[in-house]
Amino acid sequence: MLNLQLAQKYATAIFEIAKEENKLVPYGEELAAIRQNLFNIPAVRSYFQNPQIQAEAKKELLTKCLKGEVSKIIYNFLLLLVDKRRIGIFEAIEEEYRKLSNRERGIIIADVTTARGMNHKQQEQLQKKLASITGKKIQLRQHEDENILGGVIVKIGDKRIDGSVAGRLAAMRQQLMQVQN
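Read in this note's numbering, the sequence shown has 68 at position 68, and its numbers run on one by one without any break.
In case anyone wonders, no lab produced these hints; they're calculated from the structure.
If you're wondering where the values come from, they're calculated on a predicted model, not measured in any experiment.
Treat the hints with caution; some may be incorrect.
Said to hold, decoys possible - PhoX-like, lysine-lysine: derived pairs with alpha carbons at most 20 Å apart:
| hint | residue 1 | residue 2 |
| --- | --- | --- |
| 1 | Lys23 | Lys99 |
| 2 | Lys136 | Lys159 |
| 3 | Lys128 | Lys155 |
| 4 | Lys136 | Lys155 |
| 5 | Lys99 | Lys9 |
| 6 | Lys121 | Lys137 |
| 7 | Lys128 | Lys159 |
| 8 | Lys137 | Lys159 |
As the list claims (entries may be wrong) - Per label pair, the in silico range of CB-to-CB distance:
| hint | residue 1 | residue 2 | range |
| --- | --- | --- | --- |
| 9 | Ser71 | Glu91 | 15 to 23 Å |
| 10 | Arg160 | Leu80 | 36 to 44 Å |
| 11 | Leu149 | Gln52 | 47 to 55 Å |
| 12 | Met177 | Ala115 | 19 to 27 Å |
| 13 | Asn119 | Lys72 | 38 to 46 Å |
| 14 | Gln174 | Ala55 | 53 to 61 Å |
| 15 | Gly151 | Glu91 | 31 to 39 Å |
| 16 | Gly157 | Gln36 | 18 to 26 Å |
Glycine included, each C-beta is placed from N, C-alpha and C at the ideal position.
Full structure from sequences and hints, please.
Have a look at this one:
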């Protein structure tokens with residue numbers, strides 16, 4: 001819980017800077033790229049989370065990996081996280097930043113599960129349909145689960161729309177069980 005509160009605090013700080021500089025998207029892309037290319041490597045993540053490794057060594061690694069590759073604000077933000085011993089929660093900070101940025105830009109994340117991936121046209125159609133229902137911009141986060149057999153399951157926040165074959169079969173099974181009783 002404390003880590004989530006700290007992540008929100010730091011995410012809000014970099015969000016406010018990005019908003020002030022009109023760089024919500026570029027800073028968000030940089031943070032996401034750092035998370036994807038650096039912190040998704042288990043050895044790197046554990047290196048930064050290790051309290052026994054000195055801050056200077058962590059800063060040196062960041063400098064070698066990122067100096068000149070990211071904006072000065074993001075680079076300095078990462079160094080600040082090292083100084084404050086908060087670099088270990090970078091992934092949570094990036095996630096909170098993304099939520100703040102999406103909310104500011106009126107974007108909703110829709111988790112979409114299909115048996116197989118969707119082509120570009122299907123994605124566009126689903127985005128348009130969900131946008132018309134919600135009145136917001138929709139960003140799809142795709143998942144695959146062959147157990148649903150076909151169709152689609154959409155989850156937006158705490159709402160779930162199950163249009164999967166497996167979901168329909170389960171509903172039919174439930175109805176048949178009720179008829180028998």
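Checklist entry - So which hints don't hold here, by number, going up? => result Violated hints: none; all satisfied.
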